[in-house]
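> Each chain, letter by letter, is given below.
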Amino acid sequence: MRFLQDISRSLFFLSRWRGPAQNPVESSIYSAAELENAGQKTGKSVDFLNVKTAEGKELMDAVTALGSKSSENEIASVEAGARTFLNKTDALLARNEIPKIQNTLKSTSIDQAVLTRFTDALTTFRAFLKELYTKLVEKIAGIQKTFQERVRTIQTSVQSRLDIFDKRLFPSPGLDSKEAKIPKKYLEEIIASPDVKNKLPGLAAECDPKAFKGGNQWNEGVLKLFPPDTNIQEVQRIVGTKLDGKFGPHSLLSLLLFAGLAKEGQEYAHKIDAWKAGFRARFDSASDAEAAYKSNVLKVDPGVDKDKNPTGKPAYKFLKEAVHDQMAAQFTDASAPLVGDILQQGGSFIFTLKLNNRVFKISKDMDAAQDDTACLVYEVYSTENLRTKQYLGLHTEPKSMAEALKKAPEPRSIPSELPKQSDPKPISNPDASKRDHVEKGETIGDAIIDSNMTREQALADVSKKCPREILDNQALVDVTYISFDGKYHRGQLVVDKRLQSDVEEVFQVMLDTKFPIHKVIPITKYGWSDDASMKDNNTSGFNYRTIAGGEKLSNHAKGFSIDINPLQNPEVQNGKNNPPTGKYEKNTPGTLTADHPVVQKFKELGWTWGGTWESKQDYQHFEKPLKKTSGK
Amino acid sequence: MVQLARLQTAQVDLVALIENSVSLSAEQKAYWKNKLPVLSREQQGELARIFLDEAAQMEQAKGQQKQSLVTAVQDFVVDAETAYNREKQQLWHGAEEMVKHSEVQEQEALLHLLQPL
Numbered sequence: 000m001r002f003l004q005d006i007s008r009s010l011f012f013l014s015r016w017r018g019p020a021q022n023p024v025e026s027s028i029y030s031a032a033e034l035e036n037a038g039q040k041t042g043k044s045v046d047f048l049n050v051k052t053a054e055g056k057e058l059m060d061a062v063t064a065l066g067s068k069s070s071e072n073e074i075a076s077v078e079a080g081a082r083t084f085l086n087k088t089d090a091l092l093a094r095n096e097i098p099k100i101q102n103t104l105k106s107t108s109i110d111q112a113v114l115t116r117f118t119d120a121l122t123t124f125r126a127f128l129k130e131l132y133t134k135l136v137e138k139i140a141g142i143q144k145t146f147q148e149r150v151r152t153i154q155t156s157v158q159s160r161l162d163i164f165d166k167r168l169f170p171s172p173g174l175d176s177k178e179a180k181i182p183k184k185y186l187e188e189i190i191a192s193p194d195v196k197n198k199l200p201g202l203a204a205e206c207d208p209k210a211f212k213g214g215n216q217w218n219e220g221v222l223k224l225f226p227p228d229t230n231i232q233e234v235q236r237i238v239g240t241k242l243d244g245k246f247g248p249h250s251l252l253s254l255l256l257f258a259g260l261a262k263e264g265q266e267y268a269h270k271i272d273a274w275k276a277g278f279r280a281r282f283d284s285a286s287d288a289e290a291a292y293k294s295n296v297l298k299v300d301p302g303v304d305k306d307k308n309p310t311g312k313p314a315y316k317f318l319k320e321a322v323h324d325q326m327a328a329q330f331t332d333a334s335a336p337l338v339g340d341i342l343q344q345g346g347s348f349i350f351t352l353k354l355n356n357r358v359f360k361i362s363k364d365m366d367a368a369q370d371d372t373a374c375l376v377y378e379v380y381s382t383e384n385l386r387t388k389q390y391l392g393l394h395t396e397p398k399s400m401a402e403a404l405k406k407a408p409e410p411r412s413i414p415s416e417l418p419k420q421s422d423p424k425p426i427s428n429p430d431a432s433k434r435d436h437v438e439k440g441e442t443i444g445d446a447i448i449d450s451n452m453t454r455e456q457a458l459a460d461v462s463k464k465c466p467r468e469i470l471d472n473q474a475l476v477d478v479t480y481i482s483f484d485g486k487y488h489r490g491q492l493v494v495d496k497r498l499q500s501d502v503e504e505v506f507q508v509m510l511d512t513k514f515p516i517h518k519v520i521p522i523t524k525y526g527w528s529d530d531a532s533m534k535d536n537n538t539s540g541f542n543y544r545t546i547a548g549g550e551k552l553s554n555h556a557k558g559f560s561i562d563i564n565p566l567q568n569p570e571v572q573n574g575k576n577n578p579p580t581g582k583y584e585k586n587t588p589g590t591l592t593a594d595h596p597v598v599q600k601f602k603e604l605g606w607t608w609g610g611t612w613e614s615k616q617d618y619q620h621f622e623k624p625l626k627k628t629s630g631k
Numbered sequence: 000m001v002q003l004a005r006l007q008t009a010q011v012d013l014v015a016l017i018e019n020s021v022s023l024s025a026e027q028k029a030y031w032k033n034k035l036p037v038l039s040r041e042q043q044g045e046l047a048r049i050f051l052d053e054a055a056q057m058e059q060a061k062g063q064q065k066q067s068l069v070t071a072v073q074d075f076v077v078d079a080e081t082a083y084n085r086e087k088q089q090l091w092h093g094a095e096e097m098v099k100h101s102e103v104q105e106q107e108a109l110l111h112l113l114q115p116l
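Chains X and E, in that order, are what the protein sequence lines are. According to numbering that gives the first Met the number 0, the first sequence holds residues 0 to 631 in order. According to numbering that gives the first Met the number 0, the second sequence holds residues 0 to 116 in order.
In short, the hints are calculated from the structure, not lab data. Fair warning: this is a prediction, and the values are worked out from it, not measured in the lab. Backbone N, C-alpha and C fix where the C-beta goes; we use that ideal spot for every residue, glycine too. There may be inaccurate statements among the hints.
Claimed, not checked - Derived, one-sided and incomplete: chain E residues facing chain X with beta-carbon distance under 7 Å:
#1 Gln56
#2 Ala60
#3 Phe75
#4 Val77
Said to hold, decoys possible - Per label pair, the in silico range of CB-to-CB distance:
#5 Asn573/X x Gln63/E: 49 to 59 Å
#6 Asp74/E x Gln599/X: 42 to 52 Å
#7 Glu41/E x Gln507/X: 57 to 67 Å
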């Protein structure tokens, strides 16, 4: 830092300079007396300047720091040093120190013009330095911004690579490649047809074939095109002949196919699947579908076809069972019992087979079932001891079911992460049937039944004050969970029917994260007593009651609230727990914390958690009050 | 290179790689950690490579950021020095003139005045 060295050298020179005072101004205005006087004046000002001197040292230090530090770690302090320097000079200028000094020295022998030049030069230098500093700050901000953008690019790239990797590991056959290849030409024809243009004016705009990538892209775009009062048969008339089962259940084309199926009948299992996909896309639940059919919004109902549907059940239920039967029939060649329900996940069906004490979880793409190309065994584990469940490996896309089972890899010893047992006692519940069966509860399909009521039973003996409107809105939701015995259990929860899908999603998260739930039984079992239910560590929802110690109706009274594991998640107010036997310890299994995936899921779905309340912490409590209690 | 060698000898701690990733949410980290047991060694290697690439890119980005910051500060210092050099003639000439034309006591006062600068 040459300029700093110059300063030092000059100061040194000045401090040593003791030559005779020569007055270059021939007509000196200063007499000896005046000079003496000036000396006295400046002598007085020395104190004032001494103060400045201390401050000056800080300034010098700050400026020196600018030059001496350049490593990354010290950049912040360099910046701070520059800022300090400028602040100090700013302060000097702002406080008009220089004019003060000028005033102090005014009556001395110093040439005022020289002093002015000096202070002007100082001001110029300082102004320029400030400009430089501003640029430095801007530059640093720019560098940080560039860095953040770079990080975002890296993150996007990693996410994208992981997505591809994930899909390859656990593919959803038919979702991407197959659909992307087939439908374009058909789609272009369909979009170009005048009928479609007239009936579905948004179609061409929403579904540009050139931008078509397949998969769920279509669902979103196309669902928008079907207003609630769409006459599906009309759509069917337009597009039915074009599609003829060539498209999978996942795209718009599946929805168009859904329309086409009404004409074709259920000839193929994959068409049923597509139809079901259409139902599910349009109607969240079976009750929605039923209501829509009854109110004539839904015009197509396979349930009325007695030949195809001898059960006479409503459409949605019929479809579910039809798919189930179809799947069961298809895999009889494996001589393996089907365990549990068939679950639909995206366009694939997931079902579980048990063979020689090994459980095979299998994803079968219904669209590809036609040519029997895609069958994914994605999880295989031993049933010997579910608590030390062993993942055996995975295998993708064998040609047939039999081949899939043959190719399933051999066991590998990898411990699972099932919850630790905090409550070793198995739950006592008279509703649980066949409890003496050793393997009961070791698979989802073999879950221990904690509650198996009808809706009427679940709402029996409810308070007579409960309005009809509220009762009608309550849905009995079947839920599966892992209890504290490490086994799968099945229970039931009563909530407002509009919250049913939320509840199902949350319980799925509980299963995924192996979050243990003690039991879930409608509170009628406890004579509608919240205390009794809590004492039994029961998870519950609807209960027509007032809030504790008040007359205001609780959100439970409308089925808008759920209490989970009350003993692990008690209500805590003024140091008292409710239930009194409850204890909130964050590390105990079954305990809810702010960062727990279950709490996060509830929040994501718009629920409020009582654990974050200020006046009291009701850790078991979640609520999502809906505005109107009438149906959709 | 060291990491690559370690990867080849399957000594890379995949859990640590996932934990250290700046691209994944906590939920995604849990997802991938849970998936590890069902991955073959080759698949684990593939996964590790994604995270090692990420780490290398991050290292590079940080290096560039550091270099840019150092350059920015150095530029600032050089510019400040240049500005000083431009002004110093005026500055110090004025100062020297003032000192020359002052009496001893005044010189002392001036030294004090100049010192802060």
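> Quick check: which numbered hints come out false for this structure?
Violated hints (numbers, rising): 4, 7; every other hint is consistent with the structure.
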